[in-house]
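Going line by line, the protein sequences match chains A and B. Counting from 0, one number per residue, gives the positions in the first sequence under numbering that gives the first Met the number 0. Counting from 0, one number per residue, gives the positions in the second sequence under numbering that gives the first Met the number 0.
Just so you know, not all the hints are guaranteed correct.
Claimed, not checked - For lysine-lysine, the following DSBU-like pairs were computed, each having C-alpha atoms within a straight-line distance of at most 30 Å: (1) Lys331/A to Lys114/B; (2) Lys285/A to Lys216/B; (3) Lys108/B to Lys325/A; (4) Lys325/A to Lys216/B; (5) Lys237/A to Lys206/B.
Claimed, not checked - Computed Cβ-Cβ distance ranges for the label pairs, DEER-style: (6) Gly121/B to Ile68/A: 53 to 59 Å; (7) Leu205/A to Ala111/B: 46 to 52 Å; (8) Arg143/A to Phe129/B: 37 to 43 Å; (9) Phe129/B to Leu205/A: 53 to 59 Å; (10) Gly245/B to Arg136/A: 50 to 56 Å; (11) Ala102/B to Ala196/A: 45 to 51 Å.
For the record, the hints were derived by calculation from the structure and aren't laboratory data. Note that beta-carbon positions come from the ideal geometry of N, C-alpha and C, so glycine has one too.
Each chain, written out:
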Amino acid sequence: MDFLNALVAFTNFVIVPASAYGAQLAIGALGVTLIYGILRFSNFAHGETMAFGTMVVLLVTGLFQQWGISLGPLPTALLALPFGIAAAAALVLFTDKTVYKFYRRVKAAPVMLVIVSMGVMFMMNGILRMIIGTDDRRFADGERFIIRARDFKEWTGLSEGLAIRTTQVLTIVVALITVALLFWFLNKTRTGKSMRAYSDNEDLALLSGINPERVVMITWLVVAALATVAGTLYGLDKSFKPFVYMQLLLPIFASAIVGGLGSPLGAIAGGFVIAFSEITLTYAFKKVVTYLGPDGWSPDGLVQLLSTDYKFAVSFAILIIVLLFKPTGLFKGKSV
Amino acid sequence: MMQSRTPIYFALMGVLILGVGIFESWNNALFVLNFGLISAIMALGVNLQWGYAGLFNVGVVGFVALGGLSVVLTSMAPVSPAWEAGGPRALLALLVAVGVIVAAIMAWKKMAKGKVRGLTVGAILIVGFFIFRALFDPAVAAIEAVNSAQEGYLGGLGLPVLLAWPVGGLFAAGAAWLIGKTALGLRSDYLAIATLGIGEIIIAVLKNEDWLTRGVKNVNGLPRPVPYEVDLQQSETFLNLMASIGADPVTGSSIFVKLCYAALFLAVIIGLVTLMQLALNSPWGRMMRAIRDNETACEAMGKDVTARHLQIFVLGAAICGIAGAMMTTLDGQLTPASYQPLRFTFLVWVMVIVGGSGNNWGAVLGGMFIWFLWVEVEPISIFLVEIVTSGLAEDSALRDGILDRVVYMRHLTMGLILLLVLRFSPRGLLPEK
């Protein structure tokens, strides 16, 4: 019984939240990795792109709520998602036209593009703050829980409850659909194949008549969709605050690099590696240890390896370890 | 290298600051000047790394924050009850931590490759971590329990505050050495991500290790290298001086204090620029630029590129640390929550790029000019909005809405300036040659 209780506590506080967070990071990292693969630079404005898409989703959700449109038990934000994606797509395509295109034409060094993306980050940041400010906002509605802790206890007779929030399941489901679509697109469609060809060998792809500008445009569209989905899922699961999205840049980059920059499969693996390590290392294991230990005994401290404030240190440490021992990442990525 | 337009640009910069003095107040003008000088030093540090060596450091905020920490650790009086409660124990725990890491690295280097090595190193680290926590946690709890409303931390060494400036440089240099040792051999954009991470971690430590920095409770009342306004207002000589030039003693004292700071900062900046110009024109500087422009060729010439990169990375970080210590001294308090990457990393990058990377005068000019804009964009935009909306009623929702949002104009402006400079004048206001 105690073992089951320990297992439930671990699932409730580590496995479920880490799976949701991992899925969010994975979709975020897919965006970074695609840009790296096709446009060959690390996009520092990715956090802002995520925040921008999410902001539009949030605003449209508000409108729908006013009009009384809802999805019943599911969050209204799902209905607003296409609008967010469209807005983010318009924004990144506009940025590409006005900013990035020039540097592609002059064949600027990748590091130049990184600096350019810093400028884009600043501008998007200003636009975001002008439109929505810096407050913390919640926009999840509908049914809050799929399984409530109290119901779970009644069903199973265990003393430990398991709560699964709608947003957590939704995150996983949406992430699965997104990833399946993306892989289908990359592997089965002509456009997807031309993207991979361009990523693998630019010159050869150009020789075989692939239009680079079209590849780039489609990449931006896919990235905008991924960024908005990742941002919206994160916002639904936690809350929307522009500053937090900028801070997500580090775990997202860590996921992409740990998996191998340029490798979509790696980005997904990296996302889950980072999320599970972050949450496991910062979780206070007191409850679990109490259940597993002898009867009537409980540890003095929280049995927490690291304070939650250091979760960035975890992604960073994993990043460094992977870089030192396997510089191209878990799944062979690119090295330009 | 001094170009003919350098003095003109600096004169224009002076005019801008004078403009602040005339249109707003002299206090504001000196505020812009002082922080501009500090920003210029940060820009010099990044310019050393990027302009001379092509190293992409986006962890500036961390090095600046370490400089801030040095001011507390050097100049605040020690809190003896806290030291008695847990000081030696905390230090011992930190020594144990260092020992464990050194032991793990030694084991990794000395032992033969294989599973045994991995397991031994893992065991050393895990056991070491638990010993460290067992020593460290009670010590921290004891320290933080001492008069936690006002103290609850170890304090510093009580040394003169000016000493904190070089110490800040040393702190930052130490951190940079550690990060450079691990990440510099790797690809360039990995260094960027690694520095981004170290920046975040340093800020997290400052915010959460209350026994060291009081965390978000801030350390107030840091000692000053210049007189206090209150003392000036009571000093006979100063009052006479103010009376003789017919100035208000209260405003006068605050301006006098700011002028003292400006003099100190100017001395530092002149020293640094002189050193950097000498370095730039020495064989060492030529080697650095050669490495930046063609690493492979320099390696073929027998230059140890990684070692030179490490050297310049550490030096650049040290300059950022000095700037951080100067800024905290000027503020008179350490507020860990105020260290934001946007303000201290990315803004400094804008300064370097706009000023002209590879040119020290450019970095100084960029630092001062971008800081001027960062401060003045808001009042200028408010002024413009008020003119444009002057036809609207005082309580018009549109006008209020615009005025609320004007605060964020600075981010937009900075991004726009960076993009415009990169696009149309990528070598900056004062190009390298």
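Out of the numbered hints, which ones does the structure contradict?
4
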